[in-house]
Each structure stands twice: as C-alpha cells, then as structure tokens.
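A.B. asks: What follows is each chain in one-letter form.
2 protein chains.
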Amino acid sequence: MESSAWSAPVHEVHSTIAAMADSDRRAALATVVAVEGSAYRRPGAKAVIKEGGDGTGTITTGCLEDEVVELASKVIESGKPTVVTYDLMDDDDVWGLGVGCNGITDILLEPLDASFEPVASAYADDDPVAVVTAVESARDDIVVGNRTVVRPDGSTDEGGQLPISIVDAVADAAADLATNGKSRSIAVPGELVTVFVDGVAPLPVLAILGTGHDVVPLVECGKRNGFRVQVIGFRGGTDLATRFPKADGTGTTRVADLRTDYTFDERTYAVVMSHNFVDDRFAVAELLKTDVPYLGLMGPRERFEEILESYDEEQRRTVEASLGRVYTPVGLDLGGGSPHQIATSVVAEALAVHNDRTPGHLKAREGPIHDRVELGSTGRGP
Amino acid sequence: MESSAWSAPVHEVHSTIAAMADSDRRAALATVVAVEGSAYRRPGAKAVIKEGGDGTGTITTGCLEDEVVELASKVIESGKPTVVTYDLMDDDDVWGLGVGCNGITDILLEPLDASFEPVASAYADDDPVAVVTAVESARDDIVVGNRTVVRPDGSTDEGGQLPISIVDAVADAAADLATNGKSRSIAVPGELVTVFVDGVAPLPVLAILGTGHDVVPLVECGKRNGFRVQVIGFRGGTDLATRFPKADGTGTTRVADLRTDYTFDERTYAVVMSHNFVDDRFAVAELLKTDVPYLGLMGPRERFEEILESYDEEQRRTVEASLGRVYTPVGLDLGGGSPHQIATSVVAEALAVHNDRTPGHLKAREGPIHDRVELGSTGRGP
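Respectively, the protein sequence lines represent chains E and R. All residue numbers for the first sequence refer to my numbering, where the first residue is 1 and numbers rise by one. All residue numbers for the second sequence refer to my numbering, where the first residue is 1 and numbers rise by one.
Bound conformation, chain E alone:
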C-alpha cells in the first residue's frame, strides 16, 4: 500500500469508495468493526483495497495490512462479505519479535460493487447517516454484509437489505451515531444478529475569513486534519479558487451579507484573519450571532479589546455574552511563529474544541485517551 494513500484523510477514503462503487475495477472495503486492547484505529476506520493491492485509508499502523490485502483479494474473488478477527493479544507475540500490535481487532471486508452506491451517495451528501451492516448472524434470512442506510429520523434509503425489525431496534443508536460520527457494533436483542452501526456525520467545517498568504498553510493543515475548508474574502478578491486550490470552497461576500451567503452552524469552526480591523470587527459580531462553537481571531489580545471598545452597547453585549467561544489570540500556545507553525497551532486548537478536549499533554490526561465507545478500547497505538 502506498504510504501517502495509507494516511489519506477520511474525505479521500469516502471519495475513493464512491469512485470504486461506480467503477469496473474491482475492490474491497475493509472496516474496523470492533477493537479490544490497544488498537491504532477506532471502529469505523476504513481502507479501500483495489484489486492488485493498492489501498487508500488506514486500518492499523501497518501490522495487519498485508493480511488484510490478501483477504481482500479473496473477498473480491468470491463477492462474499466476511468478518475476520485478528487476535494479537498473545503474550509470546508481544514479547517476541512479532508484529507488536497488541489487541483484538475485528475487520469487516466487503466487495465494493454497485450495491455500495447508496452508501457512496450517503458519504457524498452532507447529511448525517448511519450505515447498518450485519457482522454476525445466526439467521437464515440475514447474511454478513447485508446492509441498510438509516437516516437520523429512522427513515431508510432504497436498497436496504435488513428486515425492518432490525432497523427499528437500532434506530435510536443509529440516530446518535449518525450525528456524532462514531461507530459501534450492536447485538440486537432477540434477533440473533449483530450489526455494525457506522455513523457518518458531516465533516466539521473550517471557515477561514481572510485571503492573505497566511491562509494557504491553514487551508492545507485543515484539510489534512479532516476539516472541510471554506475560504471567504470580503474584498472581491479575484482568483481565490486558484490561490487556494486545496480549499473545498472559496467565495467573496460583503461582510454584511456573511450570514445570508454562508451557513455557520454548530459544526463550523471560524477563523477570522482578514487582517483588516473593520472587516474583522464586523465579522466577529456577525459570527457570534450564529451557533459556531469556535471563533478564532488572529491578532494580539489588545486588538480584540480595541474591537470590543469600538462596538456600540448592543453589539458589545452580544459579543461579551459569547466570550467562551472566542479564541484570541488564536491557537494553542506552542511558541512557534512561522506560517506553518501558526497553522498547526490553530488547527490543533479547533480539533481540541471540536473533540471537547482540554488541550494539554496526553500524558497528563486522566482516563483513557479515546472516548470510550466499547469496553476495552483504551489506547492509541502501538
């Protein structure tokens, strides 16, 4: 597997799934459906393995990739989905010269054929969905790989393969997971079936209000770290799509039209960096009328104080009621001053806020480093 494809961000994995579902070239999708012990990736981590072995996406840190590629070719050949359990908990293995990835990992392998198109369009849409797939079945009418795409309101997409009783039984969990983007396996009570419910939440959006040179490294860093990135200028700047080719979208607007021209919701992480005092002060006031959980403002603390002082009574009240969402000076305190270092500190801060973390050293964190989704899922790596 080529290394940069291995570390492809989730949006690239999704677009590869869509491309392969719509292609003559055969491929398989590998998904981590359960982990116990210290696994590198969480349930829901995916890799597309094309016939011949090229892959996109990450299942493990490399220790299982060869086995998975081999199994993928069998699944492509047979057309039959399967779940395989890798048990690397063996003490001898840990102590010896083995692969050293301790933990038990269940991986679902499915042929990426036309039956995947509803899933692929679900990924491509910006609507939350849960992909519910049978991973264990003691019933004649359900085989491993049967799946149905479920919306948060409980409705299902065309082509669903699971009985409605199963879908109904997991509908609440599916709605939650579709919204928070997490994934887990559920043994459906009384149904002799275990399904993997893969929550596909829309990616968080990094909305950058500014078009300076310093926006380029921020766009790139945001994309790599799993944000959709939108660049918004206020000065009718030309050629934004050319200047910021990695951005998912670029556009210009008058700052007064900001909230009508663009959507700022609870998934939008906004960074105000027009470097123009008038535009920045207006943008801050407008953005705090929305539900953005994060508003980073480039510039020193004193500049934000000047902005506050420049507001009228009502604007100031609005802004001061939202100071918890205002991050200025923007970024984590890493001490770096180069353009890439500043981008790293800003994206790291947005990630921490998105994941509801207090961004100190992990070594100082109490409890497990991953949010607990399943018993025993406590570690990153090895």
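Be careful, since some hints might not be right.
Just so you know, same-sequence chains aren't split out, so a pair can sit in one copy or run between any two.
[Stated by the list, open to error] Below, in silico cross-link-like pairs of lysine to aspartate or glutamate (DMTMM-like), each with a Cα-Cα straight-line distance of 25 Å or less:
id: 1; residue 1: Lys246; residue 2: Asp54
id: 2; residue 1: Lys223; residue 2: Glu12
id: 3; residue 1: Lys223; residue 2: Glu266
id: 4; residue 1: Lys246; residue 2: Glu12
id: 5; residue 1: Lys363; residue 2: Glu320
To be clear, the hints were calculated from the coordinates, so they are not data collected in a lab.
Take the given structure of chain E and dock chain R to it, following the hints.
C.D. replies: Positioned in the frame of chain E, the structure of chain R alone reads:
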C-alpha cells in the same frame, strides 16, 4: 509571490539563500530587523526576492510584500543594502480600509551576491553562528549592510566587514543568540553604529524511531514545522530513503548501537514508535541515557507501565529519574485519531516542549504570546 513559497519553512529559505548567493540570477534578501506593535513575524524573519519578484519566505502576512518586492528590485539594481521602516501604526489606517497590519517594522534589504557566501555556508553548516550586520551607521568607515559572521566562541569567519571593536562589543550577545536562534538589533555603545545580530541556531531534530506507515505523516508534519527529521529503523528495513523522501536522513541500526550510531543531544526530540515492544523498551532506556529533552512514546499508558515493569532494577531507576522527559501517550490531547491528526498532536507537543510552553489555549496565556526580545514585540498578527 507564489503562496507555497511564501510559507516555506526556514530550511527552505536558507537553501534558497545559498542557491542565490551561488547563482548568476540576481536576488535580494529581506530580513525583519525590528518590530514594534503587532507584527506578524519576529526579527530574523526572512524572504528571498528574486529579480522579477518571485519570493521564498515570509516577512509579513502579505500587507507589505508588494512594497518589499518593489524595493528589492531597486536594491538588486543599485547593489546597495538599505533599511526601510514601515509605520502602519497610523490610526486612520487601522480604522479605514487600509492594509490593517498595525505596527512598525524595520526591514533590511541586501543584494544576494557572492559576498553572501560565508553567510550561506554558515546557514548550511549545523553549527550555531550569529550574522552581525550594520543597520544604522553615523561613521564613514561603516555602511549599512557591512557584515561579519561570528561564532559563539567570538571567532569570526573570513570576509568580515565590521571593525573588530564592533564584533567584540556584541560578542556575548552574539553567542547567546547563535545558541537560541533569536535575533535582535543592538546599538553599540560609543560606536555610532547599530547592528542586527541574527542568531542562526541549528534546527531542532525530530528523531523518529520506527518505520511504519504512520511515520510518513509525522515526517511531513515535522518538516513543515521547522524540524530536521531523522528516521531510524531497527529491522534493517530496506528502501527507507524511498519510503520517507521528505526526511533529512534515514538509516537502520541495532538498538544496542543506537547511541553510538546517532547523536541525541539537547536539541533532539525523539519519538519512539517501532510498535515492537522489545525494540521500544530498549530504545526508551537508551534514549534516557542521553540529553534529549523530549521522548515521546506511542502507545497507551499501560504499555509504558509494562515496559517499566520489564526493566531490571538499574534500568528502572534510570528511567524513573527521567519521567519528566517521557511523554506517553505521546502528543497533545486533541481527540483526533487519524494518522494526520496524530502527527499534528505529536509535532504540536514537541514544538511546545522545544519552545518551553505550556500547551493550552493562547487566550488563557498570561503575558505576551511571543517571547519578549524587544520592547513592544507583543503580538501575533494581524
């Protein structure tokens, strides 16, 4: 100026300086030599501007770049170094629709000719040096741009243009700045001259002990963020240079030979991620016999505890005496689990340790966000 060249890390700026000093194509070097108020870059920030206007490196967030490019072409034409002061403190400008970069910035512009070769080789070497350049002179025998490369021991390189009395007067400051990589202007008492002392410290090294797929995004993230990156494998892995093309160096060794084959000093930030228990435990013990200020270990807390338990009495004592330098689980607590997100969290942590920062939100930091080098240098951006 092309945007990705604008955000070039410092090592690329240095290699461009070396290339242009040794080239027929004419170019100028722009260096921030003093700032007051809220400037985007600190003293020592550099951009190379080639004849025609192509640039590499960052002086401001874009607000002065056009002016600097124009001035650079004059300096290239005249062959005469000059210092120019940009005063963007004007209230009208801040409030109006102007460039909005408030602060006073002094920029030194010099023709990048063959006289720059001693400086270029100083950059290329991994030895600390200070480049001392006259930026103000009321004397007949010294003109703006006269320079001498000074070593921490006070010795000077060939081709020095400044009188020895000036070099001696700033030798102590030069030694400090050469070591910490910071830069500042010094008015030399009684000499009617102000010099800019540009400390060029060797870049910090990110030493990655591991060769898995997950090393690739870490190499790239480390490079962008200003580290020299060394990848070290223990298993005689082939083709490391091909697999990690962005690394400055790759190699394999037996873990027992680690400290003899490689240098680990107070500038080395080590990340242990072989994913092999035996190799990791040996590497941790070996690295803690060196002066590395940072040892990040991939894997959950429990794994490090297992490693500790596996040591004999003496090894355990050595390691336990150094727990302050051990960062495990490695990285900042950002909550991200993708390969790029993990790389971001690790590099962010190494940066914070390198810059002696407590990595919380900048908004919560007491005092200025930059280390104070000159009075009034308090802000990042705008």
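A.B. asks: Identify every previously stated hint that the structure contradicts and give their numbers, smallest first.
C.D. replies: none
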